[in-house]
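Participant: This is what each chain is made of:
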Amino acid sequence: MKKTIYQNLKIERTMKKSVTINLFGVLYAIDEDAYVLLSGYLTDIRHHFARQEGGEEIADDIERRVAELVAELQTGGVQSVTLEHVEQIIKQIGRPEEVDGNDEKSAAATLGAGSAPAGQSVQMRKKLFRHPDDKLLGGVVAGLACYIDFDSTWLRLLVVLLGVCSWGTAVLVYLACWVVIPRAVTPEDRLRMQGRLVNLSTLGDEILDVAGRAGVNSDMGRARGLLHSWIEKLLRGVGLLLRMGLYTFLVLLTVFPLLLLLGCMMLLVGGYTSWQIGRFGADDAWFFSFFFGNAVSWGMVASVILLLVLLFVGALHLFLRSIGHGSDWKRSSRNLWWGAVTTFLVTSLLCLACYLPLYHQQADAHWKEVREQREAREEQRLYGLLQQRGWNVVTHEHTEGYVGTRQFFTGRKSAWYIEGRDSSGTGGSMNYAVEKTERVAPGTYTLTAAVRADGDGPEVYACTSKGRVAVAVPVTGFKGGDIWEQAVKQYGDGRQSDEVLRGIVNANDGKGYGWTRVSLRVDVPADSVLRYGVRNRSAAGVWTGKRFSAADFRLDR
Amino acid sequence: MNVENTKSQMRKGMLEYCVLLLLRRRPAYASEIIARLKKAELIVVEGTLYPLLSRLKNDGLLDYSWQESTQGPPRKYYTLTAEGIASLDELDGAWNELAYTVNHLKAETVQATPCDEENHLSESQN
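Same order as they appear, the protein sequences are chains A and B.
Taken in order, the first sequence gives residues 1 to 557; the numbers are from my numbering.
Taken in order, the second sequence gives residues 1 to 126; the numbers are from my numbering.
It is worth saying that the hints were derived from the structure and are not from the lab.
One should not assume that every hint holds.
Selected chain A positions facing chain B (Cβ under 7 Å, derived; list incomplete) [what the hints assert, rightly or not]: (1) H47; (2) A50; (3) R51; (4) G54; (5) E56; (6) I58; (7) I62; (8) L73; (9) G94; (10) E97; (11) A472.
Straight-line C-alpha distance at most 30 Å; calculated BS3-like pairs for lysine-lysine [stated by the list, open to error]: (12) K91/A - K106/B; (13) K466/A - K12/B; (14) K39/B - K57/B; (15) K511/A - K7/B; (16) K135/A - K38/B; (17) K57/B - K91/A.
All C-beta atoms, glycine included, are put in the ideal place defined by N, C-alpha and C.
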């Protein structure tokens, strides 16, 4: 017969009904059934005290006391310790739930045991265990059947049907239950599983019952044949592997995101501080954004995974409590859980705190891009407009834009005009020229245009085969201007009804946009075309401004 | 009200103090303490003592040393530490106060019982 060997309790088989135990170095003869009860008792004691601080030592002390009492029996002339002796010893020392005098529950249990000596008929709240004796795979269904008082075979059939119908989801649930629900190991567990009151007599019965069943089972196992036992072993092995896999998976699922979070936190803190200190120059921006961005996104991922795991574990705890295993949720694991929750909260807040500015940065970048794209499109449209009107861009270097809007001298916001902006911040580097070629009848023409500039250099010019004439754009800046001043004067002279005039006067909130009209005379010979236009750099190559504009070119005979 | 429960609560409350008292005179091992406590009907099941001893030891009130036994396993001889003696003294004071209060209360209530009136009657008859 197979026996478990305990720390201080070793067994050597001598006779059919009697065994020898070794208690702290001294050998004692004990009946087999008495041994079963005694070892069950000691296991329960160990189990019971395992949950509290110094519990192992207490269990050792009690075991030592048992040895002492057994030694006394021997001194008293007892040959072999019997079941009655063991029962007496257990009664003297007390059941685990009687011994632990600290909480109210045990007092109630003691009282209950006293008031109901018959035991078996008293029903207690059932606890869900995996049934170790009636199992096919993990004993989950058998345990459930015991819990809800249902025939295990029918329930099994139902579960298999459910497994088929739910496309295997039930299998996952089954595996989860296998992992979560503890197996009824001790006689006490088995009594709780059946909802029977736990006291000395019921426990003794249960122990003897199990001992008897173990013998029967092993006989039956032999009778069923090799194939069956092989299948059972295989199933058990697969079950064990699955269980280990699930446990590992859960642990990894918790540990991995925690480590990830920790790493991300360090990256974030490190990145942020060095960024603050200013070790990241413009060239290192990629480094900053790479680590910062990745840490944040991975931190988010880890947080979500961890949150799911925590929710799962919390749900598990609630489930365990609902099936009567509340005390299995040890203080240490509860602290661990709360620790994980705190870590999750802290890191996710940190991630959020870091992500928000980053998000702003990204959003800004995004909107800037969108704006630039829109501007580019708009510019292309305006450039198209320029070409449509026969204008030809001769040079366009260090220049932003081809045309301008919104500052036309008439105040019309939609009107466009030729405009070049120096692409360097300080100005002086632009080189922009736009011109038009027209075939006109020979003669003398006057070319007028509205212009403005904030620096020396721009000129309006005209070219024929005879040569080139030009007029410099006066430096007026972007306020006031001759056109505006004249308009104001004329407006004041009683021409208030002129709509165009009013527009000019009111342009730029009544300040004008700096436009001045310039004109030049050009002789066009018989065999020549006329090219005229505007450029920001004079023949001498001077350009000191940042921006110039030109519009309203007119050619009069 | 459950009298048994109250009695057990009273015993439970006294247990720690009594264990310390027992150890004041000389060191003892668990079974000796059990024998004395059982005689005084302070404990019902022996196992109750072990968690208590373990707790007192962890709290630093007790210490123990191993001694071989002629029969059975080696024994843990428990002794009071300095801290243990100090807290025992404190408990002594608390007990004296408690005992005084309880006795005082009892004396008061005894005077007011009908028994006394009977006594008066018998006196007057005399």
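Participant: Against chain B, with CB atoms and a cut of 7 Å, does the hint on R51/A hold up?
Facilitator: violated, 12 Å
Participant: Given the hint that K39/B pairs with K57/B, does the C-alpha gap stay at or below 30 Å?
Facilitator: holds, 24 Å
Participant: Tell me if I62/A is really an interface residue toward chain B, meaning its C-beta lies closer than 7 Å to one of theirs.
Facilitator: holds, 5 Å
Participant: Does L73/A pass the interface hint, meaning its C-beta sits closer than 7 Å to a C-beta of chain B?
Facilitator: violated, 11 Å
Participant: Is the interface hint for E56/A satisfied, with its Cβ closer than 7 Å to some Cβ of chain B?
Facilitator: violated, 10 Å
Participant: Straight-line Cα separation of K91/A and K106/B no greater than 30 Å?
Facilitator: Between K91/A and K106/B the Cα gap is close to 37 Å, so the pair fails against 30 Å, i.e. violated.
Participant: Should the interface hint for G94/A be scored as holding, given a Cβ-Cβ cut-off of 7 Å against chain B?
Facilitator: Result: holds, 3 Å to nearest chain B Cβ.
Participant: Minimum Cβ distance from I58/A to chain B below 7 Å?
Facilitator: holds, 5 Å
Participant: Tell me if the straight-line CA distance from K135/A to K38/B falls inside 30 Å.
Facilitator: Given that 30 Å is the threshold and the Cα spacing comes to 46 Å, the pair is violated.
Participant: Does K12/B lie within 30 Å of K466/A when you go C-alpha to C-alpha?
Facilitator: violated, 127 Å
Participant: Given A50/A as an interface hint, is its Cβ closer than 7 Å to any Cβ of chain B?
Facilitator: violated, 13 Å
Participant: Assess, step by step, whether the Cα of K511/A is no farther than 30 Å from the Cα of K7/B, and give holds or violated.
Facilitator: violated, 103 Å
Figure legend: structure checked against the earlier numbered hints; hints not met, in rising order: 1, 2, 3, 5, 8, 10, 11, 12, 13, 15 and 16.
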